[in-house]
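A.B. asks: Sequence:
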Amino acid sequence: MKISMLSIMTLCTALSSGAYANTCTGELYGINSGRGDLGIVFSLNEQDQSAAIHSKAKFSSAAMAFDSTRNRLYYVSAPRPLTYQLDPGSLNLTDEELKGLPIKGNKFKYTKLAYVDMATGEHVEVGRSSPMTRLAYDPERDVMYGSKGSKFYIIYPDSGETQYVGEMTGYGSSSDILRGDIVIKDSKIYLISSKSIFSLDLSTLQLTRISNHGLVTVTGAAVDQNGELLISREVINDQGHFNLTKLYKASIETGNTCEVGSFPVRVNDLAMDTIKPVACYNKKYTCSTEPESIVITSIDQNRQATWQGYTLNGLLMLWALEKLTSTDNFGENGVVRKPLSINHDFAAANSITEEALNNYNTDIFFIGSFRLSNFTDAELDEAYNWSLKKGNVAIIAGDADYPEEKIYTRWGYKVTAEGYIDGPSMPNPAGESTKAQQRMFAGPFGEVIEFYQSGTARGYFSEMPAGAQVLAVNQQGLPTIVKDPATGDIILADSGMLTIQYKLENITQGPKVTSMADRLLMNLFNYASEID
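Heads up, the numbering used here is the position in the sequence shown plus 53, with the first residue counted as 1.
Simulated from the structure, these hints should not be mistaken for lab results. Be aware that a few hints might be false.
Below are the DSS-like pairs computed for lysine-lysine, each with C-alpha atoms no more than 30 Å apart in a straight line [as the list claims (entries may be wrong)]:
#	residue 1	residue 2
1	442	336
2	160	109
3	165	241
4	152	111
Could you put together the complete structure from these sequences and hints?
C.D. replies: Below is the structure:
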């Protein structure tokens, strides 16, 4: 690659300035929200994906903003019930227990505005305010903008006076502006909702939709030290909050997002302290909001004429193929904004090579089940060595107890049916908070609580390399999906997890993702595309 003189000069300038100034400004903060919950302010390091407790707040909040003029973090109280629509008197609860019951409130304390002085750490109540879930500070006008639903407010920091301005318009239905936050970037006001990014005309309160991001459970937004939009998303399921927050970068113009990292705290709003010196972002803080593509290469069904169903163009995976190739799922405007393409090749013996996989620009090599295949040791070595390279991932989905099966063995695994009791598999409870499990079982296509194997060759991993990460187990606690420590490959104990053979929660027909098996399939391939 040729480097222009301008590029060299730019690089030299960057190195020169970096030698004298390795600090920037902008520390990220978050706060939790819950009816009657204790409020905690957290500091978040988006570069290291770490969190720390900053201080105890006056109350929990879903609306927080940093005032750069006064060096304060302001926040508005979440609802705090005084009485409930069901009488809990018979429970003999303490005052502390009464603060946050799972019962709809009847009467509430007044909504309050408070701040934490970032120089002293002291939290101060300012006064009464109005219910809000979004808050931003405008340094040019020295006011804060607050919002809940379509209501828009101006708040004066010193007095706390809250002025109702009016109703925002131009957004369609109320579901279009659920949740989210307000940010100010380059003197422009943006509203980030659970679905979309809007610009706001302050003179008319007219919202204009710019893009859709599709993150859904959005809790907060801020602008990072590079001027890029950050969006937080909570992780929640039927058992409640995971107390885990995912952070994304988002393009205002396109809505494209990329995941920055996960944090082991529940954050219901974000704010950026724009004056605090912090380390400048390094090369590790990289993810691009530009659309990426996913290229899958799968072994053609004709590799084995009598065992054709268990690969992506095989009869038993045609419904899986339909979902993977739907642009509603993977595409520029899909659930995952990455166009996806699939190649079917290697029908001939000894045809798998690193060069052939690279010629397709393969990101994911899908190796289905070929019981009596004529795989040679040489081509399996080629596939294994390809998967060792950074950014290359294989998904292996074979079957149990076939002595002719050579693929598991090459990766160092054995799958057996002996002692296996049929029933559901589930995310490994011991790894619930790991990134791999979050992406596999709480990914963009929905939560996976349990899933099933099918056919007559169901099993579990009875042998595997030291350090293999167990992602899923069956009801006996035996491993059924693992991540290989050497290659980062995802290995399934049974291809039937992804096929249309009869089982509970089966793969469904059509492009829509509805069943647990559908979600597992789609989250699996999406996560594989993210593995380095």
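A.B. asks: Each of the hints needs a verdict: does it hold here or not?
C.D. replies: Hints versus structure:
Restraint check: the Cα-Cα separation between residue 442 and residue 336 comes to about 20 Å, which is no more than 30 Å; the hinted pair holds. Taking the CA atoms of residue 160 and residue 109, the gap is near 25 Å; set against the 30 Å cutoff, the hint holds. Between residue 165 and residue 241 the alpha-carbon distance is near 27 Å, which keeps this suggested pair within the 30 Å criterion. At most 30 Å may separate the alpha-carbon atoms for a hinted pair to count; residue 152 and residue 111 meet this at roughly 14 Å.
Checked against the numbered hints given earlier, this structure breaks none of them.
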